[in-house]
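The listed protein sequences derive, respectively, from chains U and H. Using my numbering, read the first sequence as starting at 226 and increasing by one per residue. Using my numbering, read the second sequence as starting at 226 and increasing by one per residue.
Some hints could be false.
Which copy is meant is left open, because identical chains are indistinguishable; a pair holds if it fits in one copy or across any two.
Said to hold, decoys possible - Once the Cα atoms are required to be at most 25 Å apart in a straight line, the calculated SDA-like pairs of lysine to any residue come out as:
#  : residue 1 : residue 2
1  : K476      : E502
2  : K627      : A466
3  : K256      : N592
4  : K508      : E276
5  : K627      : S439
6  : K620      : E572
7  : K315      : V615
8  : K256      : P553
9  : K229      : K306
10 : K272      : K348
11 : K259      : P398
12 : K534      : P614
13 : K504      : D324
14 : K315      : K545
15 : K504      : A475
16 : K476      : Q600
17 : K534      : E311
18 : K476      : Y567
19 : K551      : N231
20 : K307      : P553
21 : K256      : R421
22 : K551      : L290
23 : K534      : V615
24 : K620      : V346
25 : K259      : Y323
26 : K581      : T309
27 : K504      : A472
28 : K534      : L613
29 : K549      : T309
30 : K348      : P563
Read the hints as simulated data drawn from the structure, not as lab findings.
Number of protein chains: 2
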Amino acid sequence: MAKKGNMLIGQSGGPTVVINQSLVGAVLQAKQMKEIGGIYGTLHGMKGILEENFIDLRKESLKTLEQVANTPASALGSARKKPTDEECVKVFEILKKYDIRYYFYIGGNDSAEATHIINEVAKQVGYDLRCYHIPKTIDNDLRENDHTPGFGSAAKFVACASMGDNLDSRALPGVKINVIMGRHAGFLTAAAALARVYPDDGPHLIYLPERPFSMDQFAADVETTYKKLGRCVIAVSEGIADADGTAIAAKFSKEVDSHGNVQLSGTGALGDLLATEIKNRTKITRVRADTFGYLQRSFPGVVSAVDAKEARTVGTLAVKEALKGKEPSGSIAIRRKPGKTYAVYFERVPLASVSKETRHVPDNFINKSGNDVTQAFFDYARPIVGPLPVIGRFKGVKIAKK
Amino acid sequence: MAKKGNMLIGQSGGPTVVINQSLVGAVLQAKQMKEIGGIYGTLHGMKGILEENFIDLRKESLKTLEQVANTPASALGSARKKPTDEECVKVFEILKKYDIRYYFYIGGNDSAEATHIINEVAKQVGYDLRCYHIPKTIDNDLRENDHTPGFGSAAKFVACASMGDNLDSRALPGVKINVIMGRHAGFLTAAAALARVYPDDGPHLIYLPERPFSMDQFAADVETTYKKLGRCVIAVSEGIADADGTAIAAKFSKEVDSHGNVQLSGTGALGDLLATEIKNRTKITRVRADTFGYLQRSFPGVVSAVDAKEARTVGTLAVKEALKGKEPSGSIAIRRKPGKTYAVYFERVPLASVSKETRHVPDNFINKSGNDVTQAFFDYARPIVGPLPVIGRFKGVKIAKK
């Protein structure tokens, strides 16, 4: 029998379009649990705990809760703070002071680690705390999970943006480079491939951080595509690095710093660098770059229905597991059932198994040349992202020349 | 009675999300006109005419036409080519060769000018040509028009992106700079203001090219907002310029060039420059910049219903006017009826009245300090953009500290 007490929930790391679904899923489930007294939200995650800055989520109407669930970005505020050992002890004392017996933290691998440490402190002193991590990351890099809440919707944004950009490039041809989020895992960049509808659609080249990036190969790839199609759309991860593991963006940033010039670690630098290289190495004149930036993780209205539903479910299940499950702590992982029809199941996994290390795009999702994804990636990603806009195209019967 | 003959239609300038609505509106109307024989589309505007590269739009099914209408970016391909006088004569000869009696060109002020020149050549030699320009531009800068097709949908994208970005900034506070399209007219940047729902919502500062940009004032404005709210979201036009009329982005680009370093005229440069200035001039550490880039004009699915409908209507009316109207040439302008309820009417205006010079954001849309828009802008823009996503927010009743 679970102990009576209060619940505290927080959000951490980069926002997503569906992170509030998880929050609201947990709150609505908690409201049904007689063991749970107060339902508190900590403002800005760990920071809110250390400052005892909590709000009463029982005071929010069902209408507000549902509106918040459908609103992008962490409604409680987020934080990137990783607590020190000292702070973990302080956090634990605050949890005790507020009679928190149910603790939920929505985030990525760092958030899982913080949750794990707090759980260990509670265990050491024999304080009965139910401690659950709820998965979230557009990077899709949590271990144990087939995919993570937030990824499907961010991937839908990237796919839609790439669809539009491919059409833009068809209308006004040239070389177009799109820099997409993902410092270490290339899942989101790979999702640009979903934009393809017709055989000549872009992105024509895709570069992920999982493969070493060679500027020579890049320029050669672009030239080949441009000669064939008269245009070339490229999706590239912000985290691409050379064979030594040095990020291409970092190399550039350093180079400029050494001249004592304006700092260029900003969002546009990698795209500008790649565009300049293509201009210098080829005879192509119209070369443009965009960096999709923060829009990828917070754009309202561009949501994968599957993603929203699963994000709600992991929130709900974390509370159920914490109250009714065998284990006092854990994380809710999304697993995919084998077979052709998309179906998932959810499983409690130990906190340590999703914290620290992350996962990467598997080898069978990347083509041999390291400049595209494979059919296996399409099979993996399509059901998570869901239907995309219909793209019309003229068959274009030519009028005979006179 | 209009002459029997063929029709040619083309698209020009930057793509928009609804430019194909105008194309399809014109084609469907043309199909009902017995005077019109062939309905040809020129591929890539003026370039397609000079190369006699036409497709047969009568061969496209109604299903394809409707799918194309709802697909972003010029389906016929676009061009930025402004024909020389020599080329205009050549264009005219090609029109004659293909017995083109109805000529439609969808685009901005440059496209109107090209249409005007071709019309003048035809008039000089007494060739009976009906010559109409169909308005299109996300910049919203065509004279004679209350607003232009393409603007409403691009404005909706900018408003949605700014809504998401404001939420992102609430979750992880700092300074966020968003660079928005519009080299000379600030309408699209102003549309970021529509993102505001709650009193402390961003964008908190808005800078348009219609007012001289001062870096000192900018830094002071940002600091004031940051002190008050702990964060600051800024919308800035790519075309902001100093009191001498020198573009801020250009100044930066030149500076780097003079050092013989990497070229930085790319999309990220202005955002990076402004972010660096804020970091250097204030003690604020988390400063980020995004450039919305090409996504603003081609993102599928983010469409203003009013914009799509009006874009269709100007295409339809151009054909009707060309066949049934008193004047053999002109452009279809959108006028707004006075009164509180949004309603428009359409009027034929002379080609010369919408070509060459463009219009700017009127003074009464910009606040005294030149760092925000006024209520008059909201009243103007809201009905064109249409409903935006509902943004939920907790009322956030604080838990008493223990």
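Cross-check of the supplied hints:
1. K476 - E502: both (14 Å within a copy, 22 Å between copies)
2. K627 - A466: neither (53 Å within a copy, 50 Å between copies)
3. K256 - N592: Cα proximity of K256 and N592: none, with 48 Å in one copy and 47 Å across.
4. K508 - E276: between (58 Å within a copy, 23 Å between copies)
5. K627 - S439: Cα proximity of K627 and S439: none, with 48 Å in one copy and 58 Å across.
6. K620 - E572: Classified as neither: same-chain Cα gap 48 Å, cross-chain 34 Å, threshold 25 Å.
7. K315 - V615: Neither, since 53 Å and 38 Å both go past 25 Å.
8. K256 - P553: Classified as within; 19 Å inside a copy, 70 Å across copies.
9. K229 - K306: neither (29 Å within a copy, 73 Å between copies)
10. K272 - K348: Result: close within a single copy only, 22 Å intra versus 74 Å inter.
11. K259 - P398: neither (62 Å within a copy, 36 Å between copies)
12. K534 - P614: both (20 Å within a copy, 19 Å between copies)
13. K504 - D324: Neither. Shortest intra-copy (63 Å) and inter-copy (42 Å) distances fail the 25 Å Cα cut-off.
14. K315 - K545: Close neither inside one copy (27 Å) nor across copies (75 Å); limit 25 Å.
15. K504 - A475: For K504 and A475, both the intra-copy (21 Å) and inter-copy (19 Å) Cα distances are at most 25 Å.
16. K476 - Q600: Neither: 33 Å inside a chain and 47 Å across chains, both beyond 25 Å.
17. K534 - E311: So K534 and E311 fail the 25 Å test inside a copy (37 Å) and across (61 Å) alike.
18. K476 - Y567: Close neither inside one copy (42 Å) nor across copies (53 Å); limit 25 Å.
19. K551 - N231: within (20 Å within a copy, 78 Å between copies)
20. K307 - P553: Close inside one copy (22 Å), not across copies (71 Å); limit 25 Å.
21. K256 - R421: neither (44 Å within a copy, 32 Å between copies)
22. K551 - L290: Classified as neither: same-chain Cα gap 29 Å, cross-chain 59 Å, threshold 25 Å.
23. K534 - V615: Both ways: K534 and V615 sit 23 Å apart in one copy and 18 Å across, limit 25 Å.
24. K620 - V346: neither (66 Å within a copy, 33 Å between copies)
25. K259 - Y323: within (18 Å within a copy, 81 Å between copies)
26. K581 - T309: within (15 Å within a copy, 63 Å between copies)
27. K504 - A472: Answer is both: 21 Å inside a copy and 23 Å across each meet the 25 Å cutoff.
28. K534 - L613: both (17 Å within a copy, 22 Å between copies)
29. K549 - T309: Neither, since 31 Å and 78 Å both go past 25 Å.
30. K348 - P563: neither (37 Å within a copy, 71 Å between copies)
Of the numbered hints given earlier, the model fails hints 2, 3, 5, 6, 7, 9, 11, 13, 14, 16, 17, 18, 21, 22, 24, 29, 30; all others are met.
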